[in-house]
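Visitor: In order, the protein sequence lines correspond to chains S and X.
With our numbering applied, the first sequence closes on residue 459, and no number is skipped along the way.
With our numbering applied, the second sequence closes on residue 459, and no number is skipped along the way.
Honestly, the hints are just simulated from the structure, not real lab data.
Errors might be hidden in some of the hints.
Heads up, the list lumps identical chains together, so a pair's fine if it works in one copy or across two of them.
Using 25 Å as the maximum straight-line C-alpha spacing, the simulated SDA-like pairs for lysine to any residue come out as follows [to be verified]:
(1) K32 <-> F146
(2) K57 <-> G12
(3) K441 <-> Q119
(4) K409 <-> N17
(5) K441 <-> Q115
Remember, predicted model here, so these are calculated numbers, not experimental data.
The primary structure of each chain is shown beneath.
Protein chains: 2
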Amino acid sequence: MSKKPSIPKGTRDFNPEEVTRRNYIFNVIKETFALYGFQPIETPSFENSETLMGKYGEEGDRLIFKILNSGDFLSKVDDKLYSEKDSNKITTKISEKALRYDLTVPFARYVVQHQNQITFPFKRYQIQPVWRADRPQKGRFREFFQCDADVVGSTSLWQEVEFVQLYDAVFTKLGLKDVTIKINNRKILSGIAETIGAEDKLIDFTVALDKLDKIGEDGVKKEMREKSISEDALQKLQPLFSFKGSNDEKLNALSEMLKTSELGMKGVEELEFIAKTIEKLGLQTASLQIDVTLARGLNYYTGAIFEVSAPAEVNMGSIGGGGRYDDLTGIFGMPNISGVGISFGLDRIYLVLEELNLFPKTVSENSKALFINFGNKEALYAMEAITNLRNAGIKAELYPDDTKMGKQMGYADKRNIPFTVLAGEKEMEAQQYTLKDMKSGAQSSVSYSELEKMLAQ
Amino acid sequence: MSKKPSIPKGTRDFNPEEVTRRNYIFNVIKETFALYGFQPIETPSFENSETLMGKYGEEGDRLIFKILNSGDFLSKVDDKLYSEKDSNKITTKISEKALRYDLTVPFARYVVQHQNQITFPFKRYQIQPVWRADRPQKGRFREFFQCDADVVGSTSLWQEVEFVQLYDAVFTKLGLKDVTIKINNRKILSGIAETIGAEDKLIDFTVALDKLDKIGEDGVKKEMREKSISEDALQKLQPLFSFKGSNDEKLNALSEMLKTSELGMKGVEELEFIAKTIEKLGLQTASLQIDVTLARGLNYYTGAIFEVSAPAEVNMGSIGGGGRYDDLTGIFGMPNISGVGISFGLDRIYLVLEELNLFPKTVSENSKALFINFGNKEALYAMEAITNLRNAGIKAELYPDDTKMGKQMGYADKRNIPFTVLAGEKEMEAQQYTLKDMKSGAQSSVSYSELEKMLAQ
Numbered sequence: 003m004s005k006k007p008s009i010p011k012g013t014r015d016f017n018p019e020e021v022t023r024r025n026y027i028f029n030v031i032k033e034t035f036a037l038y039g040f041q042p043i044e045t046p047s048f049e050n051s052e053t054l055m056g057k058y059g060e061e062g063d064r065l066i067f068k069i070l071n072s073g074d075f076l077s078k079v080d081d082k083l084y085s086e087k088d089s090n091k092i093t094t095k096i097s098e099k100a101l102r103y104d105l106t107v108p109f110a111r112y113v114v115q116h117q118n119q120i121t122f123p124f125k126r127y128q129i130q131p132v133w134r135a136d137r138p139q140k141g142r143f144r145e146f147f148q149c150d151a152d153v154v155g156s157t158s159l160w161q162e163v164e165f166v167q168l169y170d171a172v173f174t175k176l177g178l179k180d181v182t183i184k185i186n187n188r189k190i191l192s193g194i195a196e197t198i199g200a201e202d203k204l205i206d207f208t209v210a211l212d213k214l215d216k217i218g219e220d221g222v223k224k225e226m227r228e229k230s231i232s233e234d235a236l237q238k239l240q241p242l243f244s245f246k247g248s249n250d251e252k253l254n255a256l257s258e259m260l261k262t263s264e265l266g267m268k269g270v271e272e273l274e275f276i277a278k279t280i281e282k283l284g285l286q287t288a289s290l291q292i293d294v295t296l297a298r299g300l301n302y303y304t305g306a307i308f309e310v311s312a313p314a315e316v317n318m319g320s321i322g323g324g325g326r327y328d329d330l331t332g333i334f335g336m337p338n339i340s341g342v343g344i345s346f347g348l349d350r351i352y353l354v355l356e357e358l359n360l361f362p363k364t365v366s367e368n369s370k371a372l373f374i375n376f377g378n379k380e381a382l383y384a385m386e387a388i389t390n391l392r393n394a395g396i397k398a399e400l401y402p403d404d405t406k407m408g409k410q411m412g413y414a415d416k417r418n419i420p421f422t423v424l425a426g427e428k429e430m431e432a433q434q435y436t437l438k439d440m441k442s443g444a445q446s447s448v449s450y451s452e453l454e455k456m457l458a459q
Numbered sequence: 003m004s005k006k007p008s009i010p011k012g013t014r015d016f017n018p019e020e021v022t023r024r025n026y027i028f029n030v031i032k033e034t035f036a037l038y039g040f041q042p043i044e045t046p047s048f049e050n051s052e053t054l055m056g057k058y059g060e061e062g063d064r065l066i067f068k069i070l071n072s073g074d075f076l077s078k079v080d081d082k083l084y085s086e087k088d089s090n091k092i093t094t095k096i097s098e099k100a101l102r103y104d105l106t107v108p109f110a111r112y113v114v115q116h117q118n119q120i121t122f123p124f125k126r127y128q129i130q131p132v133w134r135a136d137r138p139q140k141g142r143f144r145e146f147f148q149c150d151a152d153v154v155g156s157t158s159l160w161q162e163v164e165f166v167q168l169y170d171a172v173f174t175k176l177g178l179k180d181v182t183i184k185i186n187n188r189k190i191l192s193g194i195a196e197t198i199g200a201e202d203k204l205i206d207f208t209v210a211l212d213k214l215d216k217i218g219e220d221g222v223k224k225e226m227r228e229k230s231i232s233e234d235a236l237q238k239l240q241p242l243f244s245f246k247g248s249n250d251e252k253l254n255a256l257s258e259m260l261k262t263s264e265l266g267m268k269g270v271e272e273l274e275f276i277a278k279t280i281e282k283l284g285l286q287t288a289s290l291q292i293d294v295t296l297a298r299g300l301n302y303y304t305g306a307i308f309e310v311s312a313p314a315e316v317n318m319g320s321i322g323g324g325g326r327y328d329d330l331t332g333i334f335g336m337p338n339i340s341g342v343g344i345s346f347g348l349d350r351i352y353l354v355l356e357e358l359n360l361f362p363k364t365v366s367e368n369s370k371a372l373f374i375n376f377g378n379k380e381a382l383y384a385m386e387a388i389t390n391l392r393n394a395g396i397k398a399e400l401y402p403d404d405t406k407m408g409k410q411m412g413y414a415d416k417r418n419i420p421f422t423v424l425a426g427e428k429e430m431e432a433q434q435y436t437l438k439d440m441k442s443g444a445q446s447s448v449s450y451s452e453l454e455k456m457l458a459q
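Take the sequences, apply the hints, and build the full model.
Guide: Pasting the structure below:
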């Protein structure tokens with residue numbers, strides 16, 4: 003093979019710095035999940051195809067990566083079907099497994115399969131890769147990690163309150179201030195549709211409303227008219243286009259607008275509980291903002307809907323989202339289990355932290371010191387010190403070969419190792435080590451215990 | 003879907019306890035890798051098929067999971083080929099990607115692809131799942147994690163020395179004492195083959211010798227005779243069957259046996275350097291043992307060969323292995339890069355720690371306290387305390403619903419949460435909390451700061 007090897011489009015190699023930074027984000031999220039009582043589960047990378055197919059719509063089915071059966075897979079395809087040469091029809095005959103498309107359906111499958119071992123309400127988190135045969139483009143990959151936390155088995159709104167706190171806690175720890183947690187409620191959207199007499203057009207109406215940010219009031223109205231939403235209905239919608247002010251003011255306006263809709267008022271009541279409780283408990287750095295245009299994932303959310311926006315100074319869009327769904331496990335024959343969950347958008351959070359220079363300098367798995375190799379006798383002396391340093395939890399390494407000093411120093415330099423240690427015959431005799439600060443160039447002669455003390459800092 | 007959902011055979015769900023225990027092992031290994039100067043990389047779960055195919059032998063090619071192309075994949079198969087209905091021939095036409103089979107080939111691909119960004123010697127570790135379409139059986143899975151550390155770009159034996167130390171450090175931290183690190187050298191095996199005049203039968207001869215533990219001296223000799231190894235050769239081999247004693251004694255016997263083989267003597271010299279250096283540096287709990295029957299992965303190892311055995315009291319076999327290879331990246335057009343690496347067998351280490359009851363009790367992501375929910379007013383009082391506890395790094399949670407106390411207590415019990423906190427009207431008035439130890443049943447009335455102090459322990 004003479005051409006340079008490559009990886010499939012839409013996938014990525016991660017170098018040490020990238021892995022370390024990604025793990026830093028994962029660890030902050032994991033620690034916070036655990037602080038909030040969530041416990042980790044993991045599911046297989048591939049599921050039986052029947053578990054995944056039909057759960058994400060037609061487009062989703064197309065984007066699921068299917069795994070070819072092993073062995074003589076064509077022998078199971080009957081000749082008549084084979085002669086049609088129809089990719090769609092043959093797929094289920096030659097492929098029985100598929101790569102995970104998200105963490106939600108495998109979680110639902112897990113809950114149903116292990117229901118007798120699970121203590122409900124079940125608070126689980128899951129951080130694993132998912133795969134989608136999407137057209138790769140900037141910021142969209144065919145393999146990426148999802149970070150989800152969900153509770154199933156309780157309808158309590160305290161969980162929504164905790165998820166708002168959890169978002170605040172994670173982004174505060176990451177140093178990402180001024181994050182906006184937007185919240186809406188499916189019942190409010192249904193209530194509005196009811197009030198304006200467009201119940202049958204709920205999806206069209208919310209899809210259009212969701213674009214207010216992007217296409218403005220006139221654009222939204224144009225799209226609604228195209229979907230045959232009446233002028234009378236648009237008239238009634240007017241207050242939404244100038245929906246401003248504090249959460250309290252918005253709640254008042256919504257109460258006024260939705261007073262004839264029982265469902266709508268239920269949504270207002272839920273939103274009010276969450277907003278007022280968060281006001282009493284306080285948030286550290288994030289703010290909670292009612293946004294009635296938010297319609298994310300409306301097809302399955304039934305209560306609260308969340309979306310987190312990065313600080314306005316970075317142009318990144320949503321870095322997290324979630325909501326309440328009332329029948330997650332119904333698809334696997336276990337109906338009426340209410341759940342609520344949120345997720346973090348790792349790749350975007352990474353880009354935001356990078357852009358704002360928020361990764362701590364100490365996020366590094368790098369060695370603290372490189373011992374220069376002057377030959378086997380000196381290397382043994384060095385290795386004795388290195389062994390002791392490692393036992394003390396200090397990252398140190400020996401350059402493996404006794405090559406030219408310049409090459410060894412160059413290695414320390416390129417690897418950004420902050421100190422080198424030189425120990426030749428003279429140092430061995432005096433039971434000393436020469437410690438060199440690679441940045442300042444300063445050198446000092448130290449005993450082992452001084453060495454350990456200086457490198458431990 | 004009415005039948006209970008399931009997962010593909012050979013795959014596993016991991017519940018919170020299992021994930022936590024697996025992460026405990028991973029973390030010990032990762033921390034130790036970092037202490038030794040290794041840095042993490044990650045590669046995509048699937049590679050271009052041409053990267054993987056042909057690298058693991060015919061059997062390996064068969065066991066690689068192939069991913070079906072998306073869209074109308076049959077349209078790219080010409081009618082003539084299609085009409086043959088030959089699974090083998092059609093595979094490369096309908097599948098261009100395949101799941102990672104191990105971490106070694108993707109690592110070689112990574113090194114070649116990114117050679118201009120890498121500082122050599124390159125010390126990397128990688129902990130990711132791999133997939134094999136093997137027949138599932140006890141302890142053998144179709145998806146499992148590999149934990150590998152390798153150095154490429156140096157032939158220095160100090161690296162072998164460090165890997166012995168690294169094994170010792172990891173197993174010592176895991177509390178797994180009396181692990182045996184067996185070491186051999188490909189050059190010694192080649193030297194023996196040379197000495198007995200069976201150079202052309204090196205593989206047959208070492209495959210047979212490797213079974214000494216299992217089938218005994220007579221079994222090995224029988225197999226060698228079947229492979230047409232001469233009686234004269236068997237005669238010369240005799241010392242190997244009673245190869246006992248200290249590493250020093252074994253080295254002396256090998257020197258005697260291999261004195262006419264230059265290559266063999268080079269192997270003895272290498273083994274001697276590693277064994278003597280380890281003797282000087284000392285190991286914490288493991289022992290290093292020369293084992294000339296060890297032939298693991300002989301097809302690609304060219305120098306040292308390692309294998310780690312669990313303590314004799316558990317019947318588990320190898321829990322780690324590795325060795326030196328001289329041409330890892332040659333398959334991708336970058337020749338003469340020497341490397342040496344080791345890996346840890348996570349699943350087996352897990353079983354050993356479980357059998358010996360070595361998982362620390364504190365390995366748990368579990369909440370420290372469950373606050374009982376007496377209704378919204380009381381829950382707010384509880385949530386204020388919970389918020390403060392979480393800010394102090396203490397895991398705590400509120401039962402989401404104000405259901406019967408028995409049910410809430412039962413939840414704490416089943417989840418093994420050690421404390422419950424009760425705060426009703428009386429406690430709220432007194433600004434107190436009733437803390438209940440779920441094991442002893444003891445209750446005490448405490449202030450918030452006392453509560454935090456007690457739960458922090």
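Visitor: Each hint should be assessed against the structure and marked as holding or not.
Guide: Taking the hints in turn, this is what the structure says about them:
1. K32 <-> F146: both (17 Å within a copy, 22 Å between copies)
2. K57 <-> G12: both (23 Å within a copy, 24 Å between copies)
3. K441 <-> Q119: Cα proximity of K441 and Q119: across copies only (22 Å, versus 56 Å in one copy).
4. K409 <-> N17: This pair counts as within: shortest intra-copy Cα distance 23 Å, inter-copy 49 Å.
5. K441 <-> Q115: neither (57 Å within a copy, 31 Å between copies)
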